[in-house]
Amino acid sequence: LAAVQRELEDGRGVVLLRGLPVDRYEGDELRALYFGIGAHLGSPRYQTSRGELIGEVRDELRVYGGVAQPAMPGRASDAPPTSRYKARSSGPLRFHTDRTDVVALLCVRQARTGGKSKVVSSVAIHDAMLARRPDLVALLLQDYHRSREGEEAGGERRTYALPVWGIREGRFTSQYSRTFVEAAQRLPGVPTLTAAQDEALDLLAELAEELCYEMTLIPGDLQLLNSHVTYHARTAYEDDPAARQDRLLYRLWLSMPNSRALPPDFEVLKPWMASVLEIL
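Residue numbers (this note's numbering): 116 to 395.
Fair warning: there could be bad hints in the mix.
Across the chosen pairs, the derived CB separations fall in these ranges [said to hold, decoys possible]:
no., residue 1, residue 2, range
1, Glu122, Arg248, 30 to 36 Å
2, Val383, Ala357, 41 to 47 Å
3, Glu141, Ala310, 18 to 24 Å
4, Ala147, Arg359, 18 to 24 Å
5, Glu382, Asp250, 23 to 29 Å
6, Arg121, Leu148, 31 to 37 Å
Please keep in mind that the hints were generated in silico from the structure rather than gathered at the bench. Predicted, not measured: the structure shown is a model, and the values here were computed from it. All C-beta atoms in this analysis are idealised placements derived from N, C-alpha and C, irrespective of residue type, glycine included.
Could you put the whole structure together from the sequences, leaning on the hints where they help?
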């Protein structure tokens, strides 16, 4: 696990561990085992203002019922689904980062079809855009307003400003979710995105699809991603609960002891990146 820490921060930023015996453990026992692995890597932190430590990534609309919202188009629409809806439904999930140093996903069960994981280097996207459109790179180093979406604590304000990319002491970092940016556009007092800012996000998304790597997570796979240097996405999937082919992943957010220092413009993220131990 110490080698995993180093690979995540100083290597590729992506680690896949295989063979965790998820069939041998169930329920709280598996959660405790998974949480213990996470605690040896870093400090688990809350994923929502309700104190969620281990998230269940599954089709909650099927499991718990509910009415699906319209799919999110490339640009803003009148009624966008929240990030929680998108992550916890069976639909596709656009490239994004989670608000943490490292996001860990343990595959407990696969879907009947689909649900491929897509990972891309945000540094590679930056470099490719720098070669094609350096003017757009400059925009992504400036503030984009984001919505809090009601998911996280962090103050009374409904929005905050944050660049998509930042660099400190030669180390790159990124915080990206177009869903949060689009949601902020519907709130009062938020500056309207310029055509150039929208174009920069369009090219970022195009390059992410062009440069990404797809992998199929099988039961027992533990995927770990450094959010500072990677984006991740997911294809749509279909479940078959009768055959126990209903997709279930356990998610941990980890604050890492060897993580890079945040650029000054990213200080707004510190309340979210506090570990459980710091909060306690």
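Verification of the supplied hints:
{"no.": "1", "hint": "Glu122 / Arg248: 30 to 36 Å", "result": "31 Å, holds"}
{"no.": "2", "hint": "Val383 / Ala357: 41 to 47 Å", "result": "46 Å, holds"}
{"no.": "3", "hint": "Glu141 / Ala310: 18 to 24 Å", "result": "52 Å, violated"}
{"no.": "4", "hint": "Ala147 / Arg359: 18 to 24 Å", "result": "22 Å, holds"}
{"no.": "5", "hint": "Glu382 / Asp250: 23 to 29 Å", "result": "27 Å, holds"}
{"no.": "6", "hint": "Arg121 / Leu148: 31 to 37 Å", "result": "23 Å, violated"}
Violated hints, listed in ascending order, are 3, 6; each of the other numbered hints is respected by the structure.
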